Each structure stands twice: as structure tokens, then as C-alpha cells.
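Asker: In case you want the letters, here they are:
2 protein chains.
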Amino acid sequence: MSVTTSATIASFGGKLLKLAHNASTTGCEMKFNLYLPPQSTSSKVPLLIWLSGLTCTADNCSEKGFFQHGASKRGIAVLYPDTSPRGVGIEGEDESYDFGSGAGFYVDATADPWSKNYKMYSYVTEELPKVVFSNFDQIDSSRVSITGHSMGGHGALSLYLKNPGKYKSVSAFAPISNPLKAPWGEKAFKGYFGEKDWQSKGADHDATELIKKWKGGPLDILIDVQSQLLPENLVAAAKEAGQEKGVNVRFQPDYDHSYFTMASFADDHVDHAAKYLFA
Amino acid sequence: MSVTTSATIASFGGKLLKLAHNASTTGCEMKFNLYLPPQSTSSKVPLLIWLSGLTCTADNCSEKGFFQHGASKRGIAVLYPDTSPRGVGIEGEDESYDFGSGAGFYVDATADPWSKNYKMYSYVTEELPKVVFSNFDQIDSSRVSITGHSMGGHGALSLYLKNPGKYKSVSAFAPISNPLKAPWGEKAFKGYFGEKDWQSKGADHDATELIKKWKGGPLDILIDVQSQLLPENLVAAAKEAGQEKGVNVRFQPDYDHSYFTMASFADDHVDHAAKYLFA
Numbered sequence: 001m002s003v004t005t006s007a008t009i010a011s012f013g014g015k016l017l018k019l020a021h022n023a024s025t026t027g028c029e030m031k032f033n034l035y036l037p038p039q040s041t042s043s044k045v046p047l048l049i050w051l052s053g054l055t056c057t058a059d060n061c062s063e064k065g066f067f068q069h070g071a072s073k074r075g076i077a078v079l080y081p082d083t084s085p086r087g088v089g090i091e092g093e094d095e096s097y098d099f100g101s102g103a104g105f106y107v108d109a110t111a112d113p114w115s116k117n118y119k120m121y122s123y124v125t126e127e128l129p130k131v132v133f134s135n136f137d138q139i140d141s142s143r144v145s146i147t148g149h150s151m152g153g154h155g156a157l158s159l160y161l162k163n164p165g166k167y168k169s170v171s172a173f174a175p176i177s178n179p180l181k182a183p184w185g186e187k188a189f190k191g192y193f194g195e196k197d198w199q200s201k202g203a204d205h206d207a208t209e210l211i212k213k214w215k216g217g218p219l220d221i222l223i224d225v226q227s228q229l230l231p232e233n234l235v236a237a238a239k240e241a242g243q244e245k246g247v248n249v250r251f252q253p254d255y256d257h258s259y260f261t262m263a264s265f266a267d268d269h270v271d272h273a274a275k276y277l278f279a
Numbered sequence: 280m281s282v283t284t285s286a287t288i289a290s291f292g293g294k295l296l297k298l299a300h301n302a303s304t305t306g307c308e309m310k311f312n313l314y315l316p317p318q319s320t321s322s323k324v325p326l327l328i329w330l331s332g333l334t335c336t337a338d339n340c341s342e343k344g345f346f347q348h349g350a351s352k353r354g355i356a357v358l359y360p361d362t363s364p365r366g367v368g369i370e371g372e373d374e375s376y377d378f379g380s381g382a383g384f385y386v387d388a389t390a391d392p393w394s395k396n397y398k399m400y401s402y403v404t405e406e407l408p409k410v411v412f413s414n415f416d417q418i419d420s421s422r423v424s425i426t427g428h429s430m431g432g433h434g435a436l437s438l439y440l441k442n443p444g445k446y447k448s449v450s451a452f453a454p455i456s457n458p459l460k461a462p463w464g465e466k467a468f469k470g471y472f473g474e475k476d477w478q479s480k481g482a483d484h485d486a487t488e489l490i491k492k493w494k495g496g497p498l499d500i501l502i503d504v505q506s507q508l509l510p511e512n513l514v515a516a517a518k519e520a521g522q523e524k525g526v527n528v529r530f531q532p533d534y535d536h537s538y539f540t541m542a543s544f545a546d547d548h549v550d551h552a553a554k555y556l557f558a
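Which chain is which? The protein sequence lines are D and W, in order. Per the numbering used here, residue 1 is the first one in the first sequence, and the count goes up by one each step. Per the numbering used here, residue 280 is the first one in the second sequence, and the count goes up by one each step.
Isolated chain D, as found in the complex:
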């Protein structure tokens, strides 16, 4: 469970670490970034996991999302995982921007040839947090929240809804909230689960389906959306499940799908997580 550090960068009074480790779930070296806020030098701090969207590495949000601004004020560590295995030698792994490398979709693939390495669900929910907690004892493993953008918004919502109690809170930017009904989700699920099983297996990773079966108590999900990634299906499903007050969708019509949007609202999402991480 050892990690190597390639850079230690001062940021908003804390430190952004560029790290890597050999992951057993994905069978390759995985890079990730970890922001330690200034408060972590004197006390345990909770953790906010950021899941990025298609094509991203751990660096995009670290550089342009400005989560460190709010995290440094509130005393929250931020974990930036990569979005897929890299360089595992599968034919065509780097050919599409929306499938394969940079597009792991936070599922454990079951279809060949992806099933050996593309285990991003297990990696993000189990292996990576264990690596972080065992190497950084200033982080409180009992207080973890999750957020993300686009494909990573799908990841944040689906990981939260599949694991009641695992995360203290969830929020998302422009999440693919009903991947079974979205072209990006359909392509990914067909590829990672196979043509036969994609709908049944995909339903277990679709926030709109998962929210209907949620038994974890009152929800409080913050979502900022700009484009139409089917949040209305999620909202309708939440209503069906008696959770209509649990999904706060804020339409930000002027904003686009870029990190300028995350930067503009990052503080709100950190504050949303802080409400539960410090409850």
C-alpha cells in the first residue's frame, strides 16, 4: 500500500500532493492527487472525494476546479482519483474520448477485454480510500463525502446511492444522472457489461434507478446543472420515492460544461459537504 510522491505543491495554505501507487484492482499504476488543508497539520480532517468527467486525469480539477479554496477554509482534505486505468494494453483503449482510458465510468467491467482492469467502482470505493487512510493518518476515515462532474457526477450519485452510510453527503455538477437513457451511459454500459447484460447491470449504477430503491433515510443532494443530462428523470424518480425534497437541482443556464463552472460553484459544494462532515 505504498505511495510515491512526485510533487508537493503549496496551495491555499495547504499542500497538494501528486501521488501514485500500484493498484491491485486495476492491475496498473494509478496516479491521484490529494489536497491536505492547513488544518491537517494539527488535527484530523474529513475527506471529500472528487470524481472527474470524461477525458480528465487527477490534475484537471486540482488546477482549475478551485476546491482547494473552500477546502482550505473549512479544513477538508480533497481526493482526486484518475478516471480510468491507463496503459493496460487493451486494443483500442485510447481510441475514444468517451470509452476506455479516461472514461472508466466508475463501474467494475464484466465484459472482455475490459473486465480485468476496468474496476473503477472497486478502486474508488475500496482500494484507493484504504491506500489514502493507511498513508495519511491525518485524514479521518469515518468522515467522507463525495462529489463530481458529468461522468464523475454519475459516479458520485451512484456510489452514494449504492452504499447507504458510506458517504456523509453527495453533490454533483451536470451529472449523467440517468445513464441508461443517455448516449454516453449506453455506450459505456454496453462496452463494460456487454450487449446482453448492459441494461440489467447498468440499472445497478444508474442514479435514477437507484434512488427509487433508496432506503437510507432523507436525502439532501445538491446538483448544479447547465446542460440537459436528464436531471428531470432523477427528480421524477426522487418524487416517486418520496424524496422530492432531497434533490436540490439548481439550473445555471448561462454556464457551460467546463471547469469555469466548477470553479464558480466549488465553494457551495464544499459547504454542502462540510454541513455533513462537521455535523
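Careful, some of the hints might be misleading.
In silico lysine-lysine, DSS-like type, Cα no more than 30 Å apart, as pairs [said to hold, decoys possible]: (1) D/Lys73 <-> W/Lys352; (2) W/Lys395 <-> W/Lys323; (3) W/Lys352 <-> D/Lys15.
Just so you know, these hints were derived from the structure itself, not from any lab. Keep in mind that this is a model prediction, so the values were computed, not measured.
Given chain D, work out where chain W should sit, using these hints.
Answerer: Okay, now just chain W, sitting in the frame of chain D:
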């Protein structure tokens, strides 16, 4: 004086415009970015000019510098010029990271073959502001401040000190504050002014030399430094000129020369400008 707009991006409640125009001083198309804060839709706003360092375009600080955060709160427009002419066909113009394209050094070159296009001093002090004011009447041309990083910190300090009254305030991150004594400055001045004249002409663009001759009243310069770019010479020169209280150098030893540093202290520099822009 017409400008073309290639993108309009929502950012912190305002708009970041990606713009271009045909510049007569540099004889080529120049790209630049302009941030209009939310307040600009209802009233005139002052302008903060950001001058970038070596290798940068208008985009680096727009994406990673976090100036829009403070500017949106204070109601200040931010102008991000490019750092040199581009594609003007001079042999070797793109060969060095610290000379030629991306490295205009905010001087008007007098040596061939650079003297025709490399007029970044005139471009930034005269032509570009005129273009901005004539196209965006929500910006108050009488209230302009300036700041920058590294080569752009040199630009901010030297433009301010050469033009008493032109800018309401100045600040800088890790400025090349004594370019005559710094390898980057020496290379640039020799190239743009020629081997014979570089010291005499360079002195007129060297903040440490200029501050000795300053007649513009009490100074209040904010400088954040991480590496040794000779701020001690500037401080000594300021003392010699009876302006020792006018240069506030803050050493930030943990920080590096990257935009993570600007992001961490951008709000302080916006606040510094705001003190004078709203005086």
C-alpha cells in the same frame, strides 16, 4: 478597432470573453481575454490588467489564476493580454521559451529583426486599452490598475513606475524586479535592444532602476515572492529613494512559481487593487 469574440464563458456570475483583434503596434492578430464582472451589467467598473509570465497566453491565468473570484466580488474587470506577438515569421521566433514568442518582456524592441513587431510596451500601455475602452463602454477608462507574474511582474512594476498616474495601483507575484541583473532580463534586453544598447535602454524598463527616479508620490506596492528574483535590489533601491514603506514584499517560502501560487493569493492582489480603484 474592432474585436472578434471566439467564446463567452460564464465565470463567477460574470463573463469571460475570448477576444482577438488586428493590432497595429505588433502587426499581427493579438488574442486577449477580458473578464466582465456581474456588476458591469448595471454600472461602470474599473479595470485590472494582468500581465503573464514566460510561455503564457491569455488563457493560463484566466483558467488557473483565480482572479475572477475576487474580481466578481469587488466588481472589477480583468484584462488578460497575450505575452508577445505570434506567428510574425521571424526566424527562430518560437525556438526559446524565454525569448521571442511568449516572451515579449513588455518592451518595444529596437533591434532587428524584432523591432517591427515586438512592441509589447506600446501594445499593453496604449493600443490594447484603447481597443478595450472603445469596445466595452461598461469599463471606466479612468480607473486602471496593473499586476502580473514573473516576466509579467516585471511588466507591471516597470509600466507603473514609467507612467506615474496612469495606473491606480500595482502589485506583482515573483517579479523579475531587476532584469538588468537577472539572466532572463539580460537575454531579453540584449535581444530586443541589441548588444550595444541593452544596458542603457534596459535601465528604462528595470523596476529597480526606475524606482530610484520615481517622482509620483508615496508608493504602495504589494509583492509576493517565492524564489530569488532579486527583490532585495528593488527593496534597497526603494529605501535609497525614501520609499522603503512603499514596497511590501511578502515571502511565501513554501510556494512555487506556478499558478497554484497566484490562485492562493489572487484575492489579496484584487483587494490591493480595489483599495485604489474604489478610493
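Asker: None of the hints should be skipped; say for each whether it holds.
Answerer: Each hint, compared with the structure:
1. For a cut-off of 30 Å, the pair hint linking D/Lys73 to W/Lys352 stands: about 17 Å separates their Cα positions.
2. As the CA atoms of W/Lys395 and W/Lys323 are separated by approximately 36 Å, the hinted pair breaks the 30 Å bound.
3. Restraint check: the Cα-Cα separation between W/Lys352 and D/Lys15 comes to about 26 Å, which is no more than 30 Å; the hinted pair holds.
Checked against the numbered hints above, the structure breaks only hint 2 and satisfies the rest.
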